[in-house]
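**Student:** As a plain string of letters, each chain reads:
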Amino acid sequence: MKNEDVIVTEGLTKRFGDFTAVDQISFRVHEGEIFGFLGANGAGKTTAMRMLCGLSHPTSGKGTVAGFDIDRQSEMVKKNIGYMSQKFSLYEDLKVWENFRLFGGIYGMKDKQIKQKTDRLLEELGFQGERGTLVKALPLGWKQKLAFSLSIFHEPRIVFLDEPTGGVDPVTRRQFWELIYEAADRGITVFVTTHYMDEAEYCDRLSIMVDGQIKALDSPARLKEQFHVKNMDEVFHLLARSATRTDS
Amino acid sequence: MKQFISFVKKEFLHILRDKRTMLIVLCMPIVQIILFGFAITNEVKDARIVVFDPSHDAETSRIKQRIESSSYFTITEEIKDYKQISEVFKKGKVNLAVVFSENFADNLLHTGEASVQVIADGSEPNQASSQVGYISQILSSCQQELMAQYHVPFSIKPDTHMLYNPQRKDAYNFVPGVMGIIMILICAMMTSIAIVREKETGTMEILLASPVKPIYIILAKMVPYMVLSLINLTSILLLATFVLGVPPGNLFWLVMLSVLFIILSLSLGLLISTLVDTQAAAMLASAMGLLTPTILLSGIIFPIESMPAILQYLSSIVPARWYISALRRLMIQGVSVQYVLQEFSVLAIMAFVLIAVSLKKFKIRLM
Chain A
1 MKNEDVIVTE GLTKRFGDFT AVDQISFRVH EGEIFGFLGA NGAGKTTAMR
51 MLCGLSHPTS GKGTVAGFDI DRQSEMVKKN IGYMSQKFSL YEDLKVWENF
101 RLFGGIYGMK DKQIKQKTDR LLEELGFQGE RGTLVKALPL GWKQKLAFSL
151 SIFHEPRIVF LDEPTGGVDP VTRRQFWELI YEAADRGITV FVTTHYMDEA
201 EYCDRLSIMV DGQIKALDSP ARLKEQFHVK NMDEVFHLLA RSATRTDS
Chain B
249 MKQFISFVKK EFLHILRDKR TMLIVLCMPI VQIILFGFAI TNEVKDARIV
299 VFDPSHDAET SRIKQRIESS SYFTITEEIK DYKQISEVFK KGKVNLAVVF
349 SENFADNLLH TGEASVQVIA DGSEPNQASS QVGYISQILS SCQQELMAQY
399 HVPFSIKPDT HMLYNPQRKD AYNFVPGVMG IIMILICAMM TSIAIVREKE
449 TGTMEILLAS PVKPIYIILA KMVPYMVLSL INLTSILLLA TFVLGVPPGN
499 LFWLVMLSVL FIILSLSLGL LISTLVDTQA AAMLASAMGL LTPTILLSGI
549 IFPIESMPAI LQYLSSIVPA RWYISALRRL MIQGVSVQYV LQEFSVLAIM
599 AFVLIAVSLK KFKIRLM
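These protein sequence lines are chains A and B, in that order.
For the first sequence, this note's numbering assigns the number 1 to the initial residue and increments by one for each residue that follows.
For the second sequence, this note's numbering assigns the number 249 to the initial residue and increments by one for each residue that follows.
For the record, the hints were derived by calculation from the structure and aren't laboratory data.
Everything hinted at is true.
Think about it this way: if two alpha-carbon atoms lie no more than 30 Å apart in a straight line, the pair counts; the simulated DSS-like pairs of lysine-lysine are:
(1) K341/B / K328/B
(2) K461/B / K117/A
(3) K257/B / K87/A
(4) K143/A / K250/B
(5) K87/A / K250/B
(6) K87/A / K143/A
(7) K136/A / K257/B
(8) K461/B / K112/A
(9) K87/A / K115/A
(10) K341/B / K293/B
(11) K79/A / K257/B
(12) K87/A / K461/B
Covered stretches of chain B, going by a simulated chain A footprint (3 or more residues, C-beta under 8 Å):
(13) 258-271
(14) 442-454
(15) 458-469
None of these values were measured; they are calculated from a predicted model.
Heads up, the beta-carbon is just placed ideally off N, CA and C, and yes, glycines get one too.
So that you can see chain A by itself, here it is in the shape it has in the complex (with noise of 0.2 Å):
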């Protein structure tokens, strides 16, 4: 693992009139490391994410993607991501291929290097047959799986995914998680939110945000031994009972 971190922040925080949804968080993450960013839901976690993706401006504090730094050089940051959203975030009116091509047109990639990229990745997901299948028409373990493959389509440096796995059976789940390992060993970041306390176990560190605040963050191994727990299900109940905020 290389140690140039690739996501720096400082006191990131963003405030909706009196409401804090994000309370000064620092943390750092490494190149090319899988790095799980929990918490319950209405902790803040997507508005976290949304300020580092250059969608939403921080109220204070900074940070900085990819080396740019999301506040002014947003156009920079977004070069260097892949995003994929929370809601499902393909064209269901467009066919597979079609989604393919319209992301790498984005991007600026080539015709021919989009089909060839194309053909390429239906391949590994074994979606051949789909090519010219409606999105709509696809069950929902399949759509996210091409998704996801969307989102680092023009190999960004570092992937963000807001709960990429909502809804799905812990086959697919377990499937999809082959494919973020996948592209962590081509060097791609991942940074990923969660509510499912197994898939926290597969991510080399991971933070745990209450209240708009980071109450912990190591890798899962050692956040057992801190809390003396002897899953990450524990730890986060641990953490959790102290917050004040409901679900929203």
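Let chain A serve as the given structure and place chain B on it in line with the hints.
**Tutor:** Using the frame of chain A, we list chain B on its own:
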């Protein structure tokens, strides 16, 4: 540029895949033109008349013949009793009743005065007033003939004459109106819905997290709707020319004006999309905020001159009012462009302001 083209392709696919919507969009102007052209009309044609004629003399028969021979009226019945009139109206069998006084010819020849009563169905006031207008014309021309016959030195002839629309064709009135409505519907309503749909499904977030410039996203959304509007413009003009006999007049400036109005409507749609978050809200906002004022305040149905002062002021912020007013003059009066400069400049200023505001808002909302 490559980015932009990928986007435009995608937008066209969205529209082409949604066959039902596309069908509605392309057929709507045709259906509207045909409906307004042939079904919904104030023109008087074969209006049904009952006559009550107690005198039965030469003069009344002459008048009746004149009425019957015009293409506007058909005499369906001669009733024997004045009291039957309210009955036939209630049954909805007739549009007009013509009642002659007793001893019509005698009175006319000896006293120079005879009366005819015309009773119309006021529950449809527009229809009724034009029918009354037509029948008075027939009556006055009969009167004139009589005067000539009996050498009465003075005759006063009520002469109504309709400028630009001598046959009182409604098409002249509604073709510009339909064009205004269609443009607002397709450009503003559909664009706002298309942009908001991306917000709703979450794809907008993905686009904004990508390096593509927001201006490209917006422009790419607008291109297909602009194309659709131009197709509709063509079909409306063709129908108007060949089916309704309303030629486009000053074609070049008419197209220029329409393109300006299309751009303006597109930016209205964009503005709405920055204000709301759901497709349902976008639809409601376009219907209440754009379509209703367009129909009520732009002079399509109610003439602006006869509105209360406050509504007249209000109507001047409705873009369609200026578009339709300029269209009327270009199409029907066939004037050259310097006569519609005011409308042109109002629309241009509106378009400029709207584009500026909505582009600014679009960025603030999503970044």
